[in-house]
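Peer 1: Each chain, written out:
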Amino acid sequence: MSSIQPSKKSVSLQYYTLRYLIVALLVIIAVWAGLFYAVILDEVYDNIDDGLKNSKILIEREAYAHPELFNTPEFGINQFKIQPLPKGTYDFSDKFTSTFEFMEYDDDDEPIRLLETVFNDPQGNPYKLTIRASMVEEDELLEDLLTALVALYIMLVISIALLNRYILRKVWKSFYELLGNLKSYKLGTGRNFTAPDSPVSEFKVLGNELEDLLKRSEAIYSSQKQFIENASHELQTPLAISLNKLELFAENNNLPDEQMMEIGKVSDTLNRLVRLNKSLLLLSKIENRQYADEDAVNFNTLITQLAEDFEDLAEFREIKINVVAQGDLSFNMNKGLALTLVTNLLKNALVHNHAGGVVNIVINQNSLSVQNTGANAPLDERKVFDRFYRSSTNEQSTGLGLSIVWSIANSYKLAVNYSFNGNHAFTITFPTKK
Amino acid sequence: MKILIVEDEQGLREVIRESLEKEKYIVETAHDYITGLEKIGSYDYDCILIDIMLPNGSGLNLVRELKQLQKKEAVIIISAKDSVDDKVEGLDLGADDYLAKPFHLAELHARIKSAIRRKSHDGDTFVTLENIKLSPELRSVTVNGTDLTLNRKEFDLLYYFMINPNRLVNKTALAESVWGDYIDQADNLDFVYSQIKNLRKKMKDAGAEADIQAVYGMGYKLTTS
Chain A
1 MSSIQPSKKS VSLQYYTLRY LIVALLVIIA VWAGLFYAVI LDEVYDNIDD
51 GLKNSKILIE REAYAHPELF NTPEFGINQF KIQPLPKGTY DFSDKFTSTF
101 EFMEYDDDDE PIRLLETVFN DPQGNPYKLT IRASMVEEDE LLEDLLTALV
151 ALYIMLVISI ALLNRYILRK VWKSFYELLG NLKSYKLGTG RNFTAPDSPV
201 SEFKVLGNEL EDLLKRSEAI YSSQKQFIEN ASHELQTPLA ISLNKLELFA
251 ENNNLPDEQM MEIGKVSDTL NRLVRLNKSL LLLSKIENRQ YADEDAVNFN
301 TLITQLAEDF EDLAEFREIK INVVAQGDLS FNMNKGLALT LVTNLLKNAL
351 VHNHAGGVVN IVINQNSLSV QNTGANAPLD ERKVFDRFYR SSTNEQSTGL
401 GLSIVWSIAN SYKLAVNYSF NGNHAFTITF PTKK
Chain B
1 MKILIVEDEQ GLREVIRESL EKEKYIVETA HDYITGLEKI GSYDYDCILI
51 DIMLPNGSGL NLVRELKQLQ KKEAVIIISA KDSVDDKVEG LDLGADDYLA
101 KPFHLAELHA RIKSAIRRKS HDGDTFVTLE NIKLSPELRS VTVNGTDLTL
151 NRKEFDLLYY FMINPNRLVN KTALAESVWG DYIDQADNLD FVYSQIKNLR
201 KKMKDAGAEA DIQAVYGMGY KLTTS
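First to last, the sequence lines map onto chains A and B. Taken in order, the first sequence gives residues 1 to 434; the numbers are from the UniProt record's numbering. Taken in order, the second sequence gives residues 1 to 225; the numbers are from the UniProt record's numbering.
Any given hint could turn out to be false.
[Stated by the list, open to error] Which chain A residues face chain B? A few, computed with CB under 10 Å, are given here:
1. Asn244
2. Leu248
3. Met260
4. Met261
5. Ile263
6. Ser267
7. Asp268
8. Val274
9. Phe310
10. Arg317
11. Gly356
12. Val358
13. Asn360
It should be emphasised that the hints constitute simulated quantities derived from the structure, not laboratory data. Even for Gly, the Cβ is constructed at its ideal location relative to N, Cα and C.
Bound-form chain B, shown alone (with noise of 0.2 Å):
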């Protein structure tokens, strides 16, 4: 698989690649408008990440100039910016999502992930771990061809796990995404915990050859035994 980061903050830049490369990606980057177009022109990716606002043109003229060129990847618009009208006008130039800065890594690449995945036709909808299967169209997972029965909360968390296996998952990223923005000042997000200790459980009863484990101050992982 291969990613294409055009982003202009040399730190965000070598930070995602980093990211990226742990999950076996082939990352090329673009720190500017016009070696972005270039890269976009010669060669072909599985998901373009696209920051708005770069030296010598905007991010959104990338998208178009892709759209022109009907190439078909996975595009994902990365912005500072998050603002309601270039989202808007992102999504309508044919971009598959907007993420707005400043996101945590896990978060990123659930997006990668999701986008990638609806634009590829091969029928193979599924996520799977190890003996452990999950279909997010139908929100269902089994655990050795056998149906595990979870509740919403619980398929939400393990989905967010399965696509960032092995890689350590921020408590408040996963809080985010699981039970959305607002959960963002509520508390310390222990709550987390209890419904990660359900999960937990019920993987084991399955004979799941995956385990979340605690990583003290920080989140959780989920790791292939």
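The shape of chain A in the complex, shown without the other chains (with noise of 0.2 Å):
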């Protein structure tokens, strides 16, 4: 009765793939830029360094050879300076730190390397010598490297947006047509479910579990169909040999009031019991598909002959029977399962009323209702079609006739509905011409 319908949240697998993939990427491309930021500033540094500590090699070997070079206490035209250190012990090694001086030519503070180191001159006057380097060159070289990455992550999101939506469909493939296959299948229609071939091993594990399960589900349903419709026509014929039995008996004894009475109720249980019996099997032949010829079915006609033959009852209980046509209704189906949809309802409509009640049969060009005075309460609309559901104890219902009328509907892929307003009401819906 009710279908699977996908959650308000649920996307399709190429989304929630493509969702995750983005966010991770970020997190993965973040990581790794960060990690290669730094290598490449460490490699960058070393490079200035190594170009800074050659520098001071050349300066301490040119300034041997050129003692005027030890008197360069500001940065000139030359990118070092020599200040001269007051005597003491002092650090030899070389220090290396990055900073900010003011560039002339871009008129701003741009970051350089400086190396700091102490060497003596050939007397063995301790001297500071400072190099300096601008790193102008290497900051845009990151810069360009930001941008690099960030270009890389939005290429990289595209190329595997599309990629995914390209593998996905090809992937996928089989297992949409697996899913269309399996949305369109219906147990106990006799049609096969046949899972499409697939490329893909689990798929094909998948369609084949699936056709073996649909396939057991098939076998398990036709026998339990079969088991009902077996078991009534079993109980058939030893029903007809004590009605009958029974209707003899009755025939050729003069039997007294009292005992006739008794017999006239075993009779009339024996009654139900084949119309119960009539009706299961009815049931189990919809189920069945087993009423294939189809007629257009006029249901104005249909209606205007079964209240006609429906007044002797309506009369007897007191009930009016009003048809209300207010379009007209034909549908291709079954002549016979026509009759009993619309004999069951009105049935129903009868059965459950009371004296001075009122049954309407409203016609429309798509749809049939019935409604029906009766208990002043709304029934289970849940359970109202479910088999052998009773709201009260009528012993002459079997609890079928709405079951059936359900069936039949089911079968022709009509709607059929309950509501409650003062008034019982089944509608059913027929699909509107094109």
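Got two chains here, each in a separate frame; can you build the complex from them with the hints?
Peer 2: The following block contains the structure:
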């Protein structure tokens, strides 16, 4: 009765994976970019520092050859300065620092790298040597690097989205075919479920397993249906014998009224059993699709005729049957089933009614509604079409009439609804004509 | 009138035989396909009742055989398998009627009589009982030669009683036959009574030599006075 609807939040496999990939990629690329940046920065410093070290050796050598160089207290055109230090013990190791310095050429502070070290002149006086190197280019390099990384990220996301789309479509093609087949599959229609061939072994396994599972379900379902049908068939003959023997017995013996009454009750009960059995058989047959012949059935004619046939019964029970034709309703279906459908609806409306009540049959171009007065409380609409569901203990009702209505409607894919607004209304909606 | 019953269930065979013998039919029975075939080949009957599912053969084949032998018997198929296909096939093969088990004996009599009547071409299509004469074709009734006006339901009721005279007619059988199968689970069938009351009155007023009597709890009986 209910179909499984995708929950509101579910998205297609494609967007689902893409959503995670985008976030994951962002994290991965960010971490990777950080590491890459650190490594490159380290390499850049290393490079500059090597250059500075090399300069230091050259400057020291030059200073020994040309002592006037010791007198270079400021950075001039040279990228170094030498400042004399008072006597004492100094650390002679190289110290590297990064700092900013004002550059005239672009009127801004620019990053520079400084090498500070101490060395002695030939006389053994200590001097502080500071060498600088601009890192402007390296700075730009890193900027470029960042831009490149962002571009790479965007490109990756786009290409993965496209690939994802393409690959998913290709890889999951058989899966979606499987889903399509599964959606159109219905138990008990006699149509076998076939899994599409798949190049992916998991899907192949899934398909085969589904095929087996549904084959087993189908076998169980049909054996269950077969059982009901066979059981009902087998019951017919013993029922016939009992009923007929009882009839003969009542005829042959001039029994006193009291005993005749008792036999009458047994006979009524047997008749009830016969009806129950017939209804069960009918249900099995509808479900087994044993009513294949279809004709255009005009419901207006059918209902007018049936309402007339029911007139005696309705009159006896003091119920008024009104047929309200607001449109012409005809539909292609088995004539016998159309008759059973309307009969059961009418019967239901008459049986669960009270003296002085009304049955309204409203015919529209694409719907048929049978409304009746009755118990002043709504029925459980989830259970009303269930087999053997009874709102009251009415001995005459088999509890199968509305199940039969539901089964017939279902076999022609018609919607059948119950509603209560003071009256009980059963409405069957037919597809609108194209 | 000779009737052959081809039915494998002994209980049902016996009860049908007993019921038909009360109607002064000469009844023979067969319990399987082969016996049925032998009887059909050797004797002529007025009506043959054939069950479809028989030991060692299908009842439908018996109907086929009858046609090949160019026999003119009225054939009624009685089957527990109330299947549309079997019904269509049986009627196509030349059976006159199809009755699904379980059935009421009164219904069986009605079917047998109407099948035989349709087969006989002697022109006598009237059903008569005492001074009542009924024509199923014209849907008219005369009592003592005078027309009796009945509505549709009253006519159908009387017709059913006329072919089951002096027999107990189960009220369910009556309701199903006159009002249709759909009536089956409708009610306690008391509404049948009001129609019968009207019919009785009309018959009495016309001076019919038969009366419908209620049989407590079971149904009604048309008794000749």
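Peer 1: Hint by hint, note whether the structure agrees.
Peer 2: Status of each hint after checking the structure:
1. Below 10 Å, beta-carbon pairs count as interface contacts, and Asn244 of chain A has one with chain B at about 4 Å; its hint therefore holds.
2. The interface hint given for Leu248 of chain A holds, since its Cβ lies 6 Å from the closest Cβ of chain B, which is under the 10 Å cut-off.
3. Here the hint on Met260 of chain A is kept, as its CB sits about 5 Å from the closest CB of chain B, short of 10 Å.
4. A hinted interface residue such as Met261 of chain A counts as satisfied when its beta carbon comes closer than 10 Å to some beta carbon of chain B; here the least separation is about 4 Å, so the hint holds.
5. A least Cβ separation of about 6 Å between Ile263 of chain A and chain B falls short of the 10 Å threshold, and the interface hint therefore holds.
6. For Ser267 of chain A, the suggested interface contact is upheld, since its CB lies about 6 Å from the closest CB of chain B, less than 10 Å.
7. Interface restraint check for Asp268 of chain A: the shortest CB-CB distance to chain B comes to about 8 Å, inside 10 Å, so the restraint holds.
8. Evaluation of the Val274 of chain A hint against chain B yields a held restraint, the C-beta minimum of about 5 Å falling below 10 Å.
9. With its C-beta approaching chain B no nearer than about 8 Å, Phe310 of chain A sits inside the 10 Å limit, and its interface hint holds.
10. Taken as an interface hint, Arg317 of chain A checks out: its beta carbon lies about 7 Å from the nearest beta carbon of chain B, inside 10 Å.
11. A least Cβ separation of about 16 Å between Gly356 of chain A and chain B goes past the 10 Å threshold, and the interface hint is therefore violated.
12. Because the smallest distance between the Cβ of Val358 of chain A and any Cβ of chain B comes to about 17 Å, over 10 Å, the interface hint for this residue is violated.
13. Interface hint at Asn360 of chain A: violated, since its Cβ lies 19 Å from the closest Cβ of chain B, which is beyond the 10 Å cut-off.
Hint compliance for this structure: hints 11, 12, 13 are not met, and every other hint is.
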